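*Asks:* Residues per chain are reported as follows:
There are 2 protein chains.
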Amino acid sequence: MLNKSINMFKKRENVGEIEEGNLLSPKFDNDGLIPVVTTCANTKEILMHGYMNVEALKLTIETKEAYYWSRSRKKIWHKGKTSGFVQKVKEIRIDDDQDSVWLSVDIGDGASCHVGYRSCFYRSIPFGDSSASTVLKFEEKEKVFDPKKVYGDAPNPTKL
Amino acid sequence: MLNKSINMFKKRENVGEIEEGNLLSPKFDNDGLIPVVTTCANTKEILMHGYMNVEALKLTIETKEAYYWSRSRKKIWHKGKTSGFVQKVKEIRIDDDQDSVWLSVDIGDGASCHVGYRSCFYRSIPFGDSSASTVLKFEEKEKVFDPKKVYGDAPNPTKL
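Chains as they are written, first to last, in my numbering: chain L, 21 to 180; chain X, 21 to 180.
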């Protein structure tokens with residue numbers, strides 16, 4: 021599926037070129053990963069924060085569907101392959117120093133979070149009140165799907 | 021400034037509690053950092069992707085202004101202290117496994133990017149066309165400020 025003959029990425033040689041140029045020179049960290057923020061193209065909400073390796077970024081660019089690197093399963097992850105909630109890419113952006121990616125996607129009425137909510141960011145942190153303890157508020161009230169029905173007995177990717 | 025007497029963070033002991041509970045148990049990586057995505061509360065665009073350490077997250081929660089950990093300068097970074105574009109926090113969210121933070125902020129007509137653009141994500145990556153080389157498209161046409169006037173000869177935080 022991946023067309024390995026295309027050399028999509030330019031070597032990082034010059035800060036000016038990386039910031040002001042028009043060539044793609046993504047920076048992968050010591051683990052070979054680049055952080056990715058995925059938003060809903062319709063609602064603009066953040067759906068998830070994940071990571072890509074070289075192959076996942078190339079696959080996403082080529083196939084118009086979001087691929088990530090699963091740090092818990094240690095493999096390429098075609099998002100939605102199990103749940104059915106594939107992410108159709110609407111826009112891909114890269115930041116100034118090219119060390120993070122913004123993916124805007126269409127998931128219809130689907131969900132993005134393995135816990136069952138639409139967005140992984142379903143809880144807010146109270147702030148500005150130094151007196152109270154920090155009790156999270158659920159901003160999403162209902163799950164979109166039942167994770168037990170979708171994932172069965174698959175291991176939970178959340179790690180302590 | 022930081023009220024160290026408040027124990028804001030609960031120890032991570034139980035996956036169910038982390039995902040479905042209402043206590044804040046952020047996961048900091050091996051470098052003591054948690055990734056943070058910052059969006060504009062008005063336009064909903066992503067302004068930047070950064071990192072916080074424990075102190076930066078506590079300061080942000082307490083002061084209602086965004087603090088980060090600068091990986092290039094290796095110190096706490098009160099965003100906007102030099103440029104004047106302080107980020108006033110409107111909402112803070114945490115994701116399912118509590119290893120990333122979403123900050124929604126007000127920056128008025130200001131900017132967030134040290135290159136001078138409003139958002140750090142001022143370029144898009146073409147996708148779905150496997151034939152062409154990858155030439156980035158500038159989605160922002162004009163800088164909000166001149167970085168030379170604002171930062172002078174301060175070292176550029178972008179690293180190869």
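Hints may be right or wrong, so weigh each one.
The list cannot tell twin chains apart, which means a pair is met if one copy fits it or any two copies do.
As the list claims (entries may be wrong) - Within a straight-line C-alpha distance of at most 20 Å, the following computed SDA-like cross-link-like pairs (lysine to any residue) qualify: (1) K84 / E37; (2) K169 / D51; (3) K101 / Y171; (4) K157 / P177; (5) K47 / L180; (6) K84 / S144; (7) K84 / F147; (8) K108 / F147; (9) K64 / D149.
In case anyone wonders, no lab produced these hints; they're calculated from the structure.
Keep in mind that this is a model prediction, so the values were computed, not measured.
*Asks:* Hint by hint, say whether it matches the structure.
*Replies:* Right, here's what the structure says about each hint:
For the homomeric pair K84 and E37, neither the shortest alpha-carbon distance inside one copy (26 Å) nor that between copies (35 Å) is at most 20 Å. In this homomeric assembly, K169 and D51 never come within 20 Å of each other (Cα to Cα): the closest approach is 33 Å inside a single copy and 37 Å across copies. Proximity of K101 to Y171 under the C-alpha cut-off of 20 Å is restricted to the intra-copy arrangement: shortest distance 11 Å within a copy versus 46 Å between copies. In this assembly of identical chains, K157 and P177 lie within 20 Å of each other by CA distance neither inside one copy nor across copies; the values are 23 Å within and 35 Å between.
When the C-alpha separation of K47 and L180 is checked against a cutoff of 20 Å, the pair qualifies only between copies, where the shortest distance is 8 Å, while the shortest distance within a copy is 27 Å. Taking the shortest Cα distances, K84 and S144 sit within 20 Å of each other only across copies (14 Å), while inside one copy they are farther apart (31 Å). When the C-alpha separation of K84 and F147 is checked against a cutoff of 20 Å, the pair qualifies only between copies, where the shortest distance is 7 Å, while the shortest distance within a copy is 38 Å. For a Cα distance limit of 20 Å, the shortest separation of K108 from F147 across copies, 12 Å, qualifies, whereas the shortest one inside one copy, 34 Å, does not.
With identical chains, the CA atoms of K64 and D149 are never at most 20 Å apart, being 28 Å at best within one copy and 25 Å at best between copies.
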